[in-house]
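Visitor: Sequence:
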Amino acid sequence: MSGCVFCGIVAGEVPAFRVVDEPDGVAFLDTRPVFKGHVLVVPRAHLVTLDELPADALPGYFRLVQRLAVAVETGLGAGGTFVAMNNRVSQSVAHLHTHVVPRTKGDGLRGFFWPRTRYTDDAEAHRYADRIAGASPATG
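Residue numbers for the sequence shown follow UniProt numbering, so the first one is 1 and each next one is one higher.
Each hint should be verified, as a subset may be incorrect.
[Claimed, not checked] Between beta-carbon pairs, the in silico distance windows are:
(1) G60 - L29: 18 to 26 Å
(2) M85 - E13: 21 to 29 Å
(3) A125 - V5: 17 to 25 Å
(4) E13 - A55: 23 to 31 Å
(5) N87 - D122: 23 to 31 Å
(6) R32 - G3: 13 to 21 Å
(7) P59 - A94: 19 to 27 Å
(8) E124 - R32: 33 to 41 Å
(9) S2 - G80: 35 to 43 Å
Note that these hints are calculated values from the structure, not bench results.
Cβ coordinates follow ideal geometry from the N, Cα and C atoms, glycine included.
Whenever a hint applies, use it, and build me the whole structure from the sequences.
Guide: Okay, structure coming up:
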């Protein structure tokens with residue numbers, strides 16, 4: 001898509017520090033990493049949100065994300081990874097992308113991304129669970 005920086009990276013028109021380039025997607029270093037080694041994984045096609053990713057592309061894309069999570073840990077000697085995706089809100093580039101961020105114990109990331117809250121009681125939690133379950137498309 002014209003004007004999309006991630007499409008430009010996928011096409012090789014925008015420079016990036018590529019980690020993986022294969023049919024299921026492209027992975028490259030984030031230019032403003034949370035921690036050094038923060039990788040972005042994007043599908044080759046221009047899609048904005050997760051719901052636009054075709055069902056037949058899900059296994060390959062998420063296998064790639066999984067492989068990158070292991071590679072970030074192994075390659076950087078990280079204690080773990082934080083894997084996240086924003087859909088619309090806080091999505092700095094309107095192209096589906098998954099963050100794979102290296103983590104180490106005591107890295108200070110706790111509470112960095114969002115505040116936490118609690119349900120008033122179990123009944124409120126059940127109401128939220130029911131609303132989500134009722135809106136979830138059937139699998140088949």
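Visitor: Each hint should be assessed against the structure and marked as holding or not.
Guide: Hint-by-hint comparison with the structure:
1. G60 - L29: 18 to 26 Å: At 22 Å between Cβs, range holds.
2. M85 - E13: 21 to 29 Å: For M85 and E13 the Cβ distance comes to about 24 Å; the hint holds.
3. A125 - V5: 17 to 25 Å: Because 40 Å falls outside the window, the suggested range is violated.
4. E13 - A55: 23 to 31 Å: holds, 29 Å
5. N87 - D122: 23 to 31 Å: holds, 28 Å
6. R32 - G3: 13 to 21 Å: For R32 and G3 the Cβ distance comes to about 19 Å; the hint holds.
7. P59 - A94: 19 to 27 Å: Holds: the Cβ-Cβ distance is about 24 Å, inside 19 to 27 Å.
8. E124 - R32: 33 to 41 Å: Taking Cβ atoms as reference, E124 and R32 lie about 37 Å apart, which means the hint holds.
9. S2 - G80: 35 to 43 Å: Given about 38 Å between the Cβ atoms, the range holds.
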